[in-house]
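Peer 1: Listed below are the residues making up each chain.
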Amino acid sequence: MKKELNNLERLKGPNPFKVPEGYFENFTSQMMSRLPEKKYEQPKKATMMEHVRPWFYMAAVFAGLGLFFKAIIGFGDPSATLSARQAEVDVDYLEYVESQYASYILAEEMEIYE
Amino acid sequence: MQPYKEDELVERLRDPASRRDAFAQVVAMYSEKLYWQIRKMVLVHDDADDILQNTFLKAWTNIDYFRGDAKLSTWLYKITVNECLTFLNKQRSMNNVSIDNTDVFLLERLKGDDYFNGDSVQLKFQEAILTLPEKQRLVFNMKYFDEMKYEEMSEALGTSVGALKASYHHAVKKIEKYLTKDI
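Line by line, the protein sequences are chains A and B.
This note's numbering puts the first residue of the first sequence at 1, with every later residue one more than the last.
This note's numbering puts the first residue of the second sequence at 1, with every later residue one more than the last.
Excised from the complex, chain A in its bound form:
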């Protein structure tokens, strides 16, 4: 490897590549004149709505989840149980009224036939 490098070292004479006269001296100014102006964008201030929006979304998600679970396991709801009990009471009362009314009618009819 040493021998190979030495052989190639021989070729490291004067640089055969040239550049136009004053190329590097003028390059910076020419390059800078070609560059577009860079616009500095002020970071946008977030509005009140933008601050609050995530909380709205979160509240909506929770409300949706609540409704979903209510729809799925609504029978476990205490208010639903109360309504069922109320309905049972109502039925009992109606049956009682009906039986009383039926007894009254029956008594009346018996009087007619007597």
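Just so you know, these hints were derived from the structure itself, not from any lab.
These figures come from a predicted structure and were not determined experimentally.
Just so you know, not all the hints are guaranteed correct.
Here are the computed lysine-lysine pairs in the DSBU-like style, where the Cα-Cα straight-line distance is at most 30 Å [unchecked claim]:
1. Lys-58/B - Lys-173/B
2. Lys-173/B - Lys-18/A
3. Lys-111/B - Lys-124/B
4. Lys-135/B - Lys-18/A
5. Lys-12/A - Lys-78/B
6. Lys-124/B - Lys-18/A
7. Lys-143/B - Lys-90/B
8. Lys-12/A - Lys-173/B
Which residues of chain B face chain A? A partial, calculated answer using Cβ under 7 Å [stated by the list, open to error]:
9. Ala-22
10. Ala-24
11. Arg-39
12. Trp-60
13. Phe-116
14. Gly-118
Ideal placement from N, C-alpha and C gives every residue a C-beta, glycine not left out.
Position chain B relative to chain A; hints supplied.
Peer 2: Coordinates of chain B only, in the frame set by chain A:
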């Protein structure tokens, strides 16, 4: 030129008020070094000039993405290498050269370049370098002509130091073989 302090320069590049002046300093500092890197890859002055301008244009438009994690020179080298490879790919497709073939077609462009005055030995040497695959050619140019450290090359090319040493060794052997094959 004032003594170069990378940290201060990077700070000035980040500040919109001083950004343009700082970038002018970057161009002044790196244009010559990057030019020779490009020129050794594409050989012809006009092409090297175009690529160098594109390199700085890309650096300017993407300056906000430079976070200072790597050295400024490494970042610029990366852009330069990408621009060179893009140019060479375009040239290959324009000249109907397969990606597996060598870039010897560039030699014809070099012969017609007014800014090359090498003799036949120099021309043969360039031809030998052109027989290398492009990545190996990059490694050879960085080491042989620019005498870059392997560590710096490793950062710019994203290749391990060991792989770069092996690549350079193979490149030297291939060039030697090419130059001595007709003797």
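Peer 1: Are the hints correct? Go through all of them and say.
Peer 2: Consistency of the hints with the structure:
no.: 1; hint: Lys-58/B - Lys-173/B; result: violated (36 Å)
no.: 2; hint: Lys-173/B - Lys-18/A; result: holds (28 Å)
no.: 3; hint: Lys-111/B - Lys-124/B; result: holds (11 Å)
no.: 4; hint: Lys-135/B - Lys-18/A; result: holds (24 Å)
no.: 5; hint: Lys-12/A - Lys-78/B; result: holds (26 Å)
no.: 6; hint: Lys-124/B - Lys-18/A; result: holds (18 Å)
no.: 7; hint: Lys-143/B - Lys-90/B; result: holds (26 Å)
no.: 8; hint: Lys-12/A - Lys-173/B; result: holds (17 Å)
no.: 9; hint: Ala-22; result: violated (11 Å)
no.: 10; hint: Ala-24; result: holds (5 Å)
no.: 11; hint: Arg-39; result: holds (6 Å)
no.: 12; hint: Trp-60; result: holds (5 Å)
no.: 13; hint: Phe-116; result: holds (6 Å)
no.: 14; hint: Gly-118; result: holds (3 Å)
Checked against the numbered hints above, the structure violates hints 1, 9; every other hint is satisfied.
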